[in-house]
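**Q** Numbers -21 to -1, 1 to 80, taken from mature numbering (1 follows the signal peptide of the UniProt record, and there is no 0), label the letters of the sequence shown in order.
Bear in mind the hints are in silico, worked out from the structure with no lab data behind them.
Since we're looking at a predicted model, the values are computed, not measured.
You can take every hint at face value.
Quick list of simulated restraints, FRET-style, between CB atoms:
(1) F(-14) <-> W41: 21 to 29 Å
(2) T25 <-> V66: 22 to 30 Å
(3) Y39 <-> Q2: 30 to 38 Å
(4) V29 <-> I(-3): 18 to 26 Å
(5) R73 <-> P13: 42 to 50 Å
(6) S7 <-> A40: 36 to 44 Å
(7) V29 <-> R70: 24 to 32 Å
(8) R71 <-> M(-21): 16 to 24 Å
(9) P72 <-> L(-15): 13 to 21 Å
(10) A27 <-> I(-17): 18 to 26 Å
(11) P38 <-> M(-21): 24 to 32 Å
Ideal placement from N, C-alpha and C gives every residue a C-beta, glycine not left out.
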Amino acid sequence: MLKAISLFALVVAVMAGTIDAIQSVSASEPVLTPLAVAWSTASPDTIALVADGIMRKFPYAWDPAAMWVLSQPAFAVLLAVSLFFWVIAYRRPRVAGRFTA
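Construct the complete structure from the given sequences, taking the supplied hints into account.
**A** Take a look at the structure:
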């Protein structure tokens, strides 16, 4: 399950990075879309729901933490989320191999 979440976040990060790259080429300057803008464009209802939940349960974390994360480029945040879930789900291969007793 965690690997699926990691894969989904990676796919969305690549899409966000591709969109930013296309916009950067057409504008002839770097364009980095913040996570808040990308999320509100894709699904305004869910960003409002998450923001309301964070402000209600953790009001002290909204200003410093959540606002900082939402102001970062969408592709970078999603790549970090993907890496986080991949690291949690990672299992090292057995040293002796799979055919040992």
